[in-house]
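**Student:** Top line first, the protein sequences correspond to chains A and B. Here our numbering is used: the first residue of the first sequence is 44, the next is one more, and so on. Here our numbering is used: the first residue of the second sequence is 14, the next is one more, and so on.
Errors might be hidden in some of the hints.
Chain A stretches covered by chain B per the calculated footprint, using a threshold of three residues with CB under 8 Å from any CB of chain B [stated by the list, open to error]:
id	segment
1	140-154
2	262-273
3	357-364
Using 30 Å as the maximum straight-line C-alpha spacing, the simulated BS3-like pairs for lysine-lysine come out as follows [what the hints assert, rightly or not]:
id	chain 1	residue 1	chain 2	residue 2
4	A	Lys248	B	Lys140
5	B	Lys55	B	Lys100
6	B	Lys55	A	Lys249
7	A	Lys248	B	Lys46
8	A	Lys65	A	Lys78
9	A	Lys230	B	Lys100
10	B	Lys140	B	Lys23
11	A	Lys236	B	Lys23
Residues of chain B placed beyond 10 Å of chain A at every Cβ, according to the derived structure [what the hints assert, rightly or not]:
id	residue
12	Arg17
13	Glu18
14	Lys55
15	Phe75
16	Thr104
In short, the hints are calculated from the structure, not lab data. All C-beta atoms in this analysis are idealised placements derived from N, C-alpha and C, irrespective of residue type, glycine included.
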Amino acid sequence: MINSARQQRLIDEAKALLKQGKVRWIIGFEAGSLKFTTTPLITADAGDTSRLVINSFIVNNLSNFLPELEGRIGIVAKGCDSRSIVSLIQDSKVRREDVVILAVPCSGLIDLAKVEQLIGKDRDEIDAISRKDDKVIVTLAGAKREFSISEALYDNCLACELPTPQEYDILLGEPILPSNEPAAGQKKLDELKKMSPEARWQFWKKELERCIRCYACRNACPACYCQRCFVEETEPQWLLPIPHWQDNLMFQITMDIHVAGRCTDCGECQRACPVNIPLRSLTKEMYDIVADLFHFKAGMDKEALPLMTHYEQEEAEDLIG
Amino acid sequence: MEQREDWEPKIVGFLCKWCSYAGADLAGTSRRKYPANIGIIKVPCSGRVDPLFILKALRLGFDGVLVSGCHPGECHYLTGNYRARRKFAITKKFLEYLGVDPRRLQGSWVSASEGDKFAHVVTEMTKQLKEIGANRLFADDK
Ligand code: SF4
Ligand code: SF4
Ligand code: SF4
Ligand code: FES
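Could you build the full structure based on these sequences and the hints that come with them?
**Tutor:** What follows is the structure, encoded as structure tokens:
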């Protein structure tokens, strides 16, 4: 099976990198303690590399850990993660020579919540979930059910623009082209845009009423790396720490503005949210605005200058009178 | 909530001190009439306008926010207004997506000699804000 072949290749490469002293750390994924999950594996010990996995549940954007570790790092990266790495390099948060990118051509991650909805059962009751071409196969009490990827993958994966990293040192497997289901990935945003402005504001008010301001979204985001975040500033104090919807919404809007031009639509913030606020319907819109106004897509072009450090003389002219 | 007959919109204007602020001054000294609805905050350059200023103003209940700087190519710091434009543009577009009436956030280029233009911008904006009514975006009662 292709997956296990490239998993073995990853293990061999990672082990060699550590043993030969070419890297100090390996960051990858290992099986999680719950079914159909993985958890980050960060290790300096070559013996641990046998635990590395590649499957349809390697959700975390591990580039988030790069600025925190000292020494050269070998990192497992899907397409979107590799874009975040490129973006971090452009922001001078990470040096290219300090990373060895172990690139995973990615055919999209399976959204467990969607699968649970599709079959109306909890993940504990599912025996197996596998991927075959453009189908997701769920085994339940011995019976197999097939779903299309547009039903079962994460929205951001359906809209993925770079499944295979462009920037890498070691490529694990054959390159994959974009799946071309962007319309399915855009559905939630399209629905919002059909609503009246008042209804849209009410929608976000309602959603952000549930926010508990745990900042998991911020902490999971590789583009959000300030040592001191504006939410913790006290002079001036932009926000009250109490999770009122007004401040919650202001926090989200500001975070989206701050990551504009660095957000790669990796989907991590939404996955991190413990109360399931549809954060991607915010971040993806900002991503689209930036693409539309400035023809800029984070981490796609390694020669590009960071969005907010430069400008064109003629752009967005109709917005200012 | 019912709007009172005599309600007047409140605008916060972030004006660059090298151009628009001087333009506003000129409008005043040359006795050009413009609505008293704007409260002005002087900034060293339009590039200083952090999107947080805009959000905070809306959060505090101001009905509109005006950001005004030197014309393209004329920024005292050469590029501040181009940088301001990127920040301003994404903020404006994003707020519109969220459901904020785009007329609540406006931008203009006003030089130190354009007192008339400044008066015109404020007059127009005040008129538009009267049409759309008070900012109740962050109010708790709905
Ligand atoms: S929200 Fe803004 S200030 Fe806070 S960490 Fe992210 S980028 Fe930095
Ligand atoms: S804002 Fe969300 S989708 Fe964008 S880079 Fe950060 S974690 Fe990923
Ligand atoms: S992860 Fe969710 S609940 Fe936590 S701060 Fe972010 S939006 Fe709020
Ligand atoms: S100095 Fe006026 S906009 Fe920069």
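**Student:** Look at each hint and say if it fits the structure.
**Tutor:** Going through the hints against the structure:
no.	hint	result
1	140-154	violated (count 0)
2	262-273	violated (count 1)
3	357-364	holds (count 5)
4	A/Lys248 with B/Lys140	holds, 28 Å
5	B/Lys55 with B/Lys100	holds, 18 Å
6	B/Lys55 with A/Lys249	violated, 36 Å
7	A/Lys248 with B/Lys46	violated, 39 Å
8	A/Lys65 with A/Lys78	violated, 34 Å
9	A/Lys230 with B/Lys100	holds, 27 Å
10	B/Lys140 with B/Lys23	holds, 11 Å
11	A/Lys236 with B/Lys23	holds, 29 Å
12	Arg17	holds, 21 Å
13	Glu18	holds, 23 Å
14	Lys55	holds, 17 Å
15	Phe75	holds, 14 Å
16	Thr104	violated, 6 Å
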